[in-house]
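S.K.: Chain by chain, the residues:
Number of protein chains: 2
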Amino acid sequence: MGGKKAADADPARSLALLWGSHSKPGRSGLTVRSIVLAAIELADANGLEAVSMRQVADRLEVGTMSLYTHVPGKTELTDLMIDTAFGELYADVDAPSGQPGGWRGALEFIAARNWDLYRRHPWMLHIVGGRPVLGPNATLKYEAELRPLDGIGLSDVEMDSVLALILTHVEGTARLQANMAQTQQDTGMTDAEWWVSNAPLLDKVVDASRFPVASRVGQSAGEEYQAASSPTHALTFGLARILDGVADLIAGRERP
Amino acid sequence: MGGKKAADADPARSLALLWGSHSKPGRSGLTVRSIVLAAIELADANGLEAVSMRQVADRLEVGTMSLYTHVPGKTELTDLMIDTAFGELYADVDAPSGQPGGWRGALEFIAARNWDLYRRHPWMLHIVGGRPVLGPNATLKYEAELRPLDGIGLSDVEMDSVLALILTHVEGTARLQANMAQTQQDTGMTDAEWWVSNAPLLDKVVDASRFPVASRVGQSAGEEYQAASSPTHALTFGLARILDGVADLIAGRERP
DNA sequence: GACCGTACCGTACATCGTACGGCTCGGTTA
DNA sequence: TAACCGAGCCGTACGATGTACGGTACGGTC
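In order, the protein sequences belong to chains V and L. For what it's worth, UniProt numbering labels the leading residue of the first sequence as 1, then goes sequentially. For what it's worth, UniProt numbering labels the leading residue of the second sequence as 1, then goes sequentially.
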């Protein structure tokens, strides 16, 4: 980097870019949209760190600096990538509300959709987003995910809190999943392989007398998952607990 | 980077480094420990991206490449940073179990301790850790945090799952907190300032007819937090729901 | 046919992790 | 004492990165 991490000093510029109408391509066919799509393809295929201005430009067969005509900088590009990816989620705004099982079914659907999104685009988890993106698709997502929580006895702030809780949980377990997959690919070693190769080493170094519970539970979990942890199990187990807790909250609101 | 992100092809090397006894300093006083401490100081003060081999070496008044005599590479260094930071948590292994309020009080204590840790060392949230660190302090932490869950009717795997759920939640909300603080510092703009400067822009672009619930709830939450979200509120609200859900699980185990 | 704004892009700079090869010591042996 | 050797230390170099800056070349309007 040249200097600081300036972030965008001008939020209006970002907003205009996010909500702005599609501009006409210039003489080399370059568009904001084409740049964003190329960046997403790169990130999907090779991970976020493969998305450099040079790589994106190469893919578009264009000079590196030409990108800066359409996009102020890389942070704005990643913002655009995120909002564009969110666009895949809800073609029908009322899809979550239409799920069977009331609010609980809807939240399970929302969790699953977000989980799938992170599976398709793991790079979304590695972007350090200062503030929320506030693009059109992010707003649509917010609307779609709030609707099934409307009118079931929660206050506005509680609706937002419940949704945030679910999304934080999904994001956390998805991050675990993505990191494990990434590492598996980098090292060329399966988690199971890693586990069996590290278990004896660990046993030698962790004595069961000093760490009785940890060694017992770690052993059980390790055998259960054939790894240090299981993201999918963490997702469903955690979601079940959270939804039970939310049910308690709603029941409390119903009978005050 | 020169080539790939090789990660550590040899896990045994990392383990030896983590559990290895302290080595004697050479003729310039350089030690694994001194390197790790310098790196942590840098990260605490200036963020994770300020931790470069050159910066660490400069702080120790030593040539850059001298670090590689003691530490195989940067990934191993960050592993060591993490395990060292974990060492701050539980001087007394039985501290969590000693909390009032049974398992629930203990879990609240654990959540708070981890939250504080991330406040002190926000860089821990930005390290992309492929696999868990498995150092001595990480193991101690695992033991200390599992003990209050032992013997209350949960299976081994359930104990691990409950703990992971709590920790994922804390990490998620702490990441939110850290990102917001970071951005606030980078842009020199308070979240409140950002909110009041973006609210009118957003109103102009998000029409309440297309996004009725989102605009209403977003407005309420924004006014409540004077920001897009409130990490501390998310922490306590989410923790309460989760603990309620865990209570349900335990109750179900008690009366089958 | 002249002009001009905009799209495009080549070069340069500071920064990164680390491979490689050389230097300089402290301690052991002949 | 002299020779030697391994380990600690480090200077240089390479290929990356984001982007500031200044230049080129083109499409559309008079």
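No wet-lab data here; the hints were simulated from the structure. This one's a predicted model, so the numbers in the text were calculated from it and none came from an experiment. Fair warning: there could be bad hints in the mix.
As the list claims (entries may be wrong) - Facing chain V, from chain L, some residues (calculated, C-beta under 7 Å):
1) G20
2) E143
3) T168
4) W195
5) G238
6) I242
Note that CB positions come from ideal geometry on N, CA and C, so glycine has one too.
S.K.: Work down the list of hints and note, for each, if the structure agrees.
M.R.: Verification of the supplied hints:
no. : hint : result
1   : G20  : violated, 10 Å
2   : E143 : holds, 4 Å
3   : T168 : holds, 4 Å
4   : W195 : violated, 9 Å
5   : G238 : holds, 4 Å
6   : I242 : holds, 6 Å
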